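Enquirer: These are the residues of each chain, in order.
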Amino acid sequence: MISGRPNNGWVIWFSLTLALLLSVAPMPGSAELARPLWLGLVIAFWSLTLPHRGGLGAAFCFGLAQDVLAGTLFGQSALPLILIAFLVLSLQQRLRMFPLWQQSMVLLVVLGLAQLVQLWLNTLTGNRPPTLLFLVPVPISALLWPWVFVALQGMRQRFAVY
Amino acid sequence: MRLLVFVVLCVVLMVVDARFDALKTVRSQMGLVLTPFYWVADMPVRIWRGATEQIASSNSLMAENEKLKAEALLMQRRLQKLAMLTEQNVRLRELLNSAALVDDKVIVAELIGLDPNPFTHRILIDKGEKDGVFMGQPVLDASGLMGQVVEVLPYAARVLLLTDVTHSIPVQVNRNGLRAIAVGTGNPDYLELRHVAETADVKAGDLLVSSGLGQRFPSGYPVAQVTEVVHGSGQPFAIVRAVPTAMLNRSRYLMLVFSDSRTPEERAAAAAEAQADADQKAAAEGVEASTPPGESGSTAEAAQPAAGTAPAAPAQEAGQ
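Keeping their order, the protein sequence lines are chains A and B. Going by the numbering used here, the letters in the first sequence line up with residues -18 to 143, in that order. Going by the numbering used here, the letters in the second sequence line up with residues 4 to 323, in that order.
In short, the hints are calculated from the structure, not lab data. Here the structure is a predicted model, which means the values were calculated and not measured. Just to be clear, a hint being listed does not mean it is correct.
[As the list claims (entries may be wrong)] Simulated coverage check for chain A against chain B, where a stretch passes if three residues somewhere in it have a Cβ under 8 Å from a Cβ of chain B:
| # | region |
| --- | --- |
| 1 | 13 to 24 |
| 2 | 50 to 56 |
| 3 | 78 to 90 |
| 4 | 129 to 140 |
[Unchecked claim] Restraint ranges, calculated between C-beta atoms of paired labels, are given here:
| # | chain 1 | residue 1 | chain 2 | residue 2 | range |
| --- | --- | --- | --- | --- | --- |
| 5 | A | Leu116 | B | Val8 | 25 to 35 Å |
| 6 | A | Glu13 | B | Leu7 | 28 to 38 Å |
| 7 | B | Pro47 | A | Leu116 | 36 to 46 Å |
| 8 | A | Leu114 | B | Leu95 | 36 to 46 Å |
| 9 | A | Ile121 | B | Arg182 | 40 to 50 Å |
| 10 | B | Leu216 | A | Leu14 | 47 to 57 Å |
Quick reminder that beta carbons are idealized off the backbone N, C-alpha and C, glycines included.
Generate the whole structure from the sequences, applying the supplied hints.
Expert: This is the structure we're talking about:
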């Protein structure tokens, strides 16, 4: 039974902060290319499980934070994150019914779209990546989705976040 | 529709951020809060390094000590020579009426983070606005130029490395003074020289030093070493590739250079003043063996009043 009053919001913010931290954590050499889209995954999870808590606002805030960390223009990584949140929110009714691997498949497309928007914005600001390697994080993230989902779901139930 | 609102907000923010300076303060305030993220993210690496240093065997420490001692000895020798050469250089410059070369002031900074985007070559360092770091400041490591500061946060700064696609630096070949522009390729291993004529005298092995012509980097610091020159027939320019001398992806400690930001006139005036002071001191001490006291005295008198009023003139007068 879901109570109308939201509680334990700090769990959401904590997981998002952790994702932000992971997105700047140093990685060895060429593993940098395969850095999973942590923020995208966590935003997707909360939009999927708690759509009434609003994913777009959080996506916007953390997108701006990531922009400051990465030194890109304000909104440059916020826009793809908002897109992820929006797509997951609009597919939410259907995605909830899917088994995890099928959710992964859908997320592969969603994250891919976000990454393409990111490419478009990068190109506009004159930082066009020379190869298609910028798409590598997408399958990696999609493969990580089941684990992220199980971990965050455990956390959500443990702290009873509604 | 909330999506539309947020998307429009993002686009507006991006345009404002790209075109105007209005968001700079917001960014620096957010940077104040977010810089610790880099510290925390870097913590495991820090701890690992600390641990390896703790458990390093005394054998390897002794070997390292030995190596450093030998290196210091070599450096000492070069330094002795350098003192003599500097002295000589100053004298010759005096003869040529050109301003004395002032040694640049340097502070040491530590690397705290790499840019999460693998397609840009930028790093974050632990010195910021509070330490006097400014936009466009040159950054060096022990073996050469690394790049320049492109963003200043209160306690951190972002450095664009030489090899980033958007970076170029004016250089000259150390052997013959040939000028060129070294452009980043996006590949951390080499730079390319643009618009070098097919017949230009560049060979593999040439050292490229900064020419200082862009007025951003100080002149005379090593930038890269030419590795290959391709003369393709039918192409207007030769392809010249060079490896940066700085260890762009290995250096953890970097130096920020505060080069002389004064105009050449001001510098000349200061040099003339210093020269006059030195002459006066020499005259006061009664050193009469080498130079006739009357001559140095007149130089001092000629230079001193002029230094205060007309900044451009004294350098010429001081030498006469």
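Enquirer: Could you run down the list of hints and mark each one as holding or not?
Expert: We went through each hint and held it up to the structure:
1. Judged by the Cβ-Cβ criterion of 8 Å, the region 13 to 24 of chain A is covered by chain B as claimed, because 3 of its residues qualify and three suffice.
2. With 7 residues having a beta carbon nearer than 8 Å to a beta carbon of chain B, the region 50 to 56 of chain A meets the requirement of three or more and the stated coverage holds.
3. Taking a C-beta to C-beta cut-off of 8 Å, the region 78 to 90 of chain A contributes 0 residues in contact with chain B, too few for the three needed, and the coverage statement is violated.
4. With 0 residues bearing a CB less than 8 Å from a CB of chain B, the region 129 to 140 of chain A misses the requirement of three and the coverage assertion fails.
5. Leu116 of chain A and Val8 of chain B have their C-beta atoms about 29 Å apart, which keeps the hinted 25 to 35 Å range intact.
6. In this structure the supplied range 28 to 38 Å holds for Glu13 of chain A paired with Leu7 of chain B, their Cβ-Cβ distance being about 34 Å.
7. About 28 Å separates the C-beta atoms of Pro47 of chain B and Leu116 of chain A, a value inconsistent with the hinted range of 36 to 46 Å.
8. Restraint check, Leu114 of chain A to Leu95 of chain B: a C-beta distance of roughly 53 Å breaks the suggested window 36 to 46 Å.
9. Checked against the hint of 40 to 50 Å, the pair Ile121 of chain A and Arg182 of chain B passes, with Cβ atoms roughly 45 Å apart.
10. Look at Leu216 of chain B against Leu14 of chain A: about 36 Å separates their beta carbons, and that is not inside 47 to 57 Å.
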